[in-house]
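Protein chains: 2
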Amino acid sequence: MAREGGRAGRKQRDETDGPKRKVDYRNLKNPFTPQGVFSEDEVENLHLTALRVLSELGIKVMEPEARAIFKAGGAIVDDATMMVRIGPEMVEAALSTAPKAITVKAIDPARNVHMELGMLHFSAGGGCPHASDRLRGRRPGSLNDFKELVQLIETFDALPTQTAVVEPQDIPIQFRHYDLKQVQIANSTKVPFVYARGHGQVLESFEMLAIAHGLSDAEFRKNPHTFTIINTNSPRMLDIPMAQGIIDFARNGQLSIITPFCLMGAMAPITVAGGLVLQHAESLFGITLSQLVNPGAPVMYGNFASSVDMKSGAPAFGTPEHVKATLGSGQLARRIGLPWRTASGSASNMGDAQGAHETELGTWAAVLAGGTYVVHAAGWLEGGLTLGYEKLVTDMEMVQTFAELATRTVADEAEMAFAALKDVEPGGHFFATQHTMDRYETAFYQPLVADWSNFGQWTENGALSANERATSIWQERLAGFTPPVGADDRAARLDDYIARHKEAGGSFPPS
Amino acid sequence: MAREGGRAGRKQRDETDGPKRKVDYRNLKNPFTPQGVFSEDEVENLHLTALRVLSELGIKVMEPEARAIFKAGGAIVDDATMMVRIGPEMVEAALSTAPKAITVKAIDPARNVHMELGMLHFSAGGGCPHASDRLRGRRPGSLNDFKELVQLIETFDALPTQTAVVEPQDIPIQFRHYDLKQVQIANSTKVPFVYARGHGQVLESFEMLAIAHGLSDAEFRKNPHTFTIINTNSPRMLDIPMAQGIIDFARNGQLSIITPFCLMGAMAPITVAGGLVLQHAESLFGITLSQLVNPGAPVMYGNFASSVDMKSGAPAFGTPEHVKATLGSGQLARRIGLPWRTASGSASNMGDAQGAHETELGTWAAVLAGGTYVVHAAGWLEGGLTLGYEKLVTDMEMVQTFAELATRTVADEAEMAFAALKDVEPGGHFFATQHTMDRYETAFYQPLVADWSNFGQWTENGALSANERATSIWQERLAGFTPPVGADDRAARLDDYIARHKEAGGSFPPS
Numbered sequence: 001m002a003r004e005g006g007r008a009g010r011k012q013r014d015e016t017d018g019p020k021r022k023v024d025y026r027n028l029k030n031p032f033t034p035q036g037v038f039s040e041d042e043v044e045n046l047h048l049t050a051l052r053v054l055s056e057l058g059i060k061v062m063e064p065e066a067r068a069i070f071k072a073g074g075a076i077v078d079d080a081t082m083m084v085r086i087g088p089e090m091v092e093a094a095l096s097t098a099p100k101a102i103t104v105k106a107i108d109p110a111r112n113v114h115m116e117l118g119m120l121h122f123s124a125g126g127g128c129p130h131a132s133d134r135l136r137g138r139r140p141g142s143l144n145d146f147k148e149l150v151q152l153i154e155t156f157d158a159l160p161t162q163t164a165v166v167e168p169q170d171i172p173i174q175f176r177h178y179d180l181k182q183v184q185i186a187n188s189t190k191v192p193f194v195y196a197r198g199h200g201q202v203l204e205s206f207e208m209l210a211i212a213h214g215l216s217d218a219e220f221r222k223n224p225h226t227f228t229i230i231n232t233n234s235p236r237m238l239d240i241p242m243a244q245g246i247i248d249f250a251r252n253g254q255l256s257i258i259t260p261f262c263l264m265g266a267m268a269p270i271t272v273a274g275g276l277v278l279q280h281a282e283s284l285f286g287i288t289l290s291q292l293v294n295p296g297a298p299v300m301y302g303n304f305a306s307s308v309d310m311k312s313g314a315p316a317f318g319t320p321e322h323v324k325a326t327l328g329s330g331q332l333a334r335r336i337g338l339p340w341r342t343a344s345g346s347a348s349n350m351g352d353a354q355g356a357h358e359t360e361l362g363t364w365a366a367v368l369a370g371g372t373y374v375v376h377a378a379g380w381l382e383g384g385l386t387l388g389y390e391k392l393v394t395d396m397e398m399v400q401t402f403a404e405l406a407t408r409t410v411a412d413e414a415e416m417a418f419a420a421l422k423d424v425e426p427g428g429h430f431f432a433t434q435h436t437m438d439r440y441e442t443a444f445y446q447p448l449v450a451d452w453s454n455f456g457q458w459t460e461n462g463a464l465s466a467n468e469r470a471t472s473i474w475q476e477r478l479a480g481f482t483p484p485v486g487a488d489d490r491a492a493r494l495d496d497y498i499a500r501h502k503e504a505g506g507s508f509p510p511s
Numbered sequence: 001m002a003r004e005g006g007r008a009g010r011k012q013r014d015e016t017d018g019p020k021r022k023v024d025y026r027n028l029k030n031p032f033t034p035q036g037v038f039s040e041d042e043v044e045n046l047h048l049t050a051l052r053v054l055s056e057l058g059i060k061v062m063e064p065e066a067r068a069i070f071k072a073g074g075a076i077v078d079d080a081t082m083m084v085r086i087g088p089e090m091v092e093a094a095l096s097t098a099p100k101a102i103t104v105k106a107i108d109p110a111r112n113v114h115m116e117l118g119m120l121h122f123s124a125g126g127g128c129p130h131a132s133d134r135l136r137g138r139r140p141g142s143l144n145d146f147k148e149l150v151q152l153i154e155t156f157d158a159l160p161t162q163t164a165v166v167e168p169q170d171i172p173i174q175f176r177h178y179d180l181k182q183v184q185i186a187n188s189t190k191v192p193f194v195y196a197r198g199h200g201q202v203l204e205s206f207e208m209l210a211i212a213h214g215l216s217d218a219e220f221r222k223n224p225h226t227f228t229i230i231n232t233n234s235p236r237m238l239d240i241p242m243a244q245g246i247i248d249f250a251r252n253g254q255l256s257i258i259t260p261f262c263l264m265g266a267m268a269p270i271t272v273a274g275g276l277v278l279q280h281a282e283s284l285f286g287i288t289l290s291q292l293v294n295p296g297a298p299v300m301y302g303n304f305a306s307s308v309d310m311k312s313g314a315p316a317f318g319t320p321e322h323v324k325a326t327l328g329s330g331q332l333a334r335r336i337g338l339p340w341r342t343a344s345g346s347a348s349n350m351g352d353a354q355g356a357h358e359t360e361l362g363t364w365a366a367v368l369a370g371g372t373y374v375v376h377a378a379g380w381l382e383g384g385l386t387l388g389y390e391k392l393v394t395d396m397e398m399v400q401t402f403a404e405l406a407t408r409t410v411a412d413e414a415e416m417a418f419a420a421l422k423d424v425e426p427g428g429h430f431f432a433t434q435h436t437m438d439r440y441e442t443a444f445y446q447p448l449v450a451d452w453s454n455f456g457q458w459t460e461n462g463a464l465s466a467n468e469r470a471t472s473i474w475q476e477r478l479a480g481f482t483p484p485v486g487a488d489d490r491a492a493r494l495d496d497y498i499a500r501h502k503e504a505g506g507s508f509p510p511s
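If you're matching them up, the sequences are chains A and B in order.
According to the numbering used here, the residues represented by the first sequence are 1 to 511, in order.
According to the numbering used here, the residues represented by the second sequence are 1 to 511, in order.
Warning: the hint list may mix true and false statements.
Lysine-lysine pairs mimicking DSBU-like chemistry, simulated, CA-CA at most 30 Å apart [as the list claims (entries may be wrong)]:
1) A:LYS422 x B:LYS71
2) A:LYS71 x A:LYS105
3) A:LYS311 x A:LYS20
4) A:LYS311 x B:LYS311
5) A:LYS71 x A:LYS60
6) A:LYS20 x B:LYS311
7) B:LYS422 x A:LYS422
8) B:LYS71 x A:LYS71
9) A:LYS60 x B:LYS422
10) A:LYS22 x B:LYS311
11) A:LYS311 x B:LYS422
12) A:LYS422 x B:LYS311
If you are wondering where the hints come from, they were derived from the structure by calculation, not from laboratory data.
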């Protein structure tokens, strides 16, 4: 799907009924100069203070194997208190081996995701216990919701990954990773997320992906084919599943993204600078573990720092402090030179103006911060407790707009239109000029949800809000969904594996 | 209203019930590095092509006096066709005398507005024929709507000007400027807008403002106290009221902002580059007229360029093309070095996710483009056909967030919170630490409309959207409104002037 080419191409497409305008929303490059909030000196101080947290205060590591790895790598480890302290030289060594560019291989090579500073990838919201839409209401997430959302995501080129959109609570936890993988493979060729829920689930997920890709385990390990988000248990704690995740992903050459969950005023200091010191320390700590396990293993810096409502402790998004923390995180990511993940999101309970405001602010911050991978950019309601189908659709208007902004704008003779300006009389219009006729079908982005009809027409059509109009959009996309070529076969290859493992009792996460 | 100061100040405020957090939302400085979409060469080519439009194609000028001024200034003028062509040297001369910094004096000096590249001012939407709110519905704008909106704007520090929010259609056009001025003066000390509706209305508005300020006409002319927006009749036409406006504002030392109305694909070429060539040519033309009338007169560059729906011709906002045109306009404004006005807005028919999306995209573009004065940032629905009370309130959440982002973020020892990080056990929380206790009332922006309660509470409270919640916010602000000290007296000083002029028949705009 390249941008519209020459005349021949245009002729051909004229014979079909589809849209004339074709755009490439894949592997976007960030069109903006990264912005920050701190001076260079302040960024350096934040980095040094984070190193001081790691060497003087340390991190509590619950997993014995992880402590052993740290100890072997030169850390000061107290097994009684589980505290691990690491010196700046260990962090620096890790940063020197952590890759600056990572290509995560998708089943369809056209959907490979290249992670490097300067690239810009968006993802739908993830990790939501509930799903919600206007027809069926708010409900605990189910495997059917997960499947529908995987399909919906598959229809949007500007979403290059398959995240863990909703938690399928109707599937027992020990079997969940099998069904998630089956659904992802059966409906998508995009890079899928794997939850770090202990050795068993992670390694089995790798095996299933290797089968789907048609690779041996050794071949699979040669490149990243999946990724996980490692949420440290801020402040200063790394639990067993997360530590095992870092270890397994590093050992097997898969991508882990070390993302402390720093809500300023709750699990992190109430100041942006304090929140970022904690985030930076914890992320550097996870990156160090990854590189101790396997120097050169794919690992990314991660940011999830926002403010909370100090009356209720509820997380907030799109706030000035959220924006500032995101911009500051970008400065820290550039300080260490790694590709990095950041997050948008909304605390709104519905897809209204608040929901749009919060997601737009959060996403603009992420883009301006130079985020490589911007998660929760579409669909997140209630601070991630619910994935809203309509919210996903309305947010995609924004994501697609960013994708459009990532395309080059040209000012050559033809685009400057001097001849057209000469053609049109003063006070006239450009509707009928050749310059317009040549371009009217392709010049402008075609909106997904926006209704530009006048007030009378809009009222006649039922005075529907964008949130209401979004319902028919996801319905139509799901009704017209066709899995990618070969997806059925790839999913079928997993049947036997999954049946055997389910019969054997599945795999429970460690507590 | 300065940022919270020392202990003494805090003690005093603790004795009151008001919010502890005080912020200064006035005369903001743009915190971002200006962004663009074109290369430097392309910007130069756009500028040169605009100059070519002015010298080779020319602009149709309906007002004979304006043609005479151009002719005296060296332009090639054809009175039969009304076409005026000007050479690059005339434009360069105008740019050399146009001021780079302009302070518009308000009745309250604390509300003076400083226009210069790097400053960032927002305004509510303006020029709307209709007003709308959830209680009274959509209706033709009235003087009462105008008054309420002036009062509402007065309550928001982040809106430093009083724009022509709605058109009071219940007042005959020949009297409208009297009542508008009376209402502005009676309810606000902010810099008020004056419509350029011919010599009579403009000069009488200046007289009324001089009376309100207590200045002689000569004293009034020494500084700008008001401003107007000059919309050229794109493409390439300047009508009689607009030309008279440029002349009168320049002669009397008041600020005119030359803002072509370039809807790409309709009144301007369908390409961003073509739209900007036309905009730039027309704005430079108006700036040149201003400086021919009175070298050094306050004048600003203006941008209003967006795309249209090519099916209906309806204007669109917050589109990728709108964002790109805004960013490109900033590059052209910096090329000529003048402070400049740009615009946000929404084509949505209600304050929903579409409305928020469009205004947020448009406003982010304006801020990143380095716009000095960002108009239509709050309240615009239907592409400016309606000013929505609720939309104004929900948009102010965004405007206030930008005001917050314009404040400096610090990363000193206290903010980095190493001591607090040491205090809190791994896995603990920061709610009760001294670092949090010292700051919890003031650390975070307090939202205007956002509801961060959980889904259960929100449902119990009626499951209201942000648009619905905004109703009580404007109601409360209007119910509690008190005019600024002295406003009644100043307004009363106009009574006699207005009564005399109304009795004399008022002042009709030229056609």
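Checked hints:
1. For the given pair, LYS422 of chain A sits about 22 Å from LYS71 of chain B by alpha-carbon distance, which is consistent with the 30 Å threshold.
2. Taking the CA atoms of LYS71 of chain A and LYS105 of chain A, the gap is near 33 Å; set against the 30 Å cutoff, the hint is violated.
3. Note on LYS311 of chain A and LYS20 of chain A: the hinted pairing is violated, with a Cα-Cα distance of about 52 Å set against a maximum of 30 Å.
4. Of the pairs offered as hints, the one joining LYS311 of chain A and LYS311 of chain B is violated, with about 49 Å between alpha carbons and a cut-off of 30 Å exceeded.
5. Only pairs whose Cα atoms come within 30 Å are accepted, and LYS71 of chain A paired with LYS60 of chain A is accepted, the gap being roughly 13 Å.
6. Restraint check: the Cα-Cα separation between LYS20 of chain A and LYS311 of chain B comes to about 14 Å, which is no more than 30 Å; the hinted pair holds.
7. A C-alpha spacing of about 71 Å is found between LYS422 of chain B and LYS422 of chain A, which places the hinted pair above 30 Å, so the restraint is violated.
8. Of the supplied pair hints, the one linking LYS71 of chain B and LYS71 of chain A is violated, its CA atoms being roughly 85 Å apart against a limit of 30 Å.
9. For the suggested pair LYS60 of chain A and LYS422 of chain B, the alpha carbons sit about 13 Å apart, so the restraint of at most 30 Å is met.
10. A hinted pair counts as satisfied when its Cα atoms are at most 30 Å apart, and LYS22 of chain A with LYS311 of chain B qualifies at roughly 18 Å.
11. Taking the CA atoms of LYS311 of chain A and LYS422 of chain B, the gap is about 24 Å. The hint holds against a cut of 30 Å.
12. Taking the CA atoms of LYS422 of chain A and LYS311 of chain B, the gap is near 24 Å; set against the 30 Å cutoff, the hint holds.
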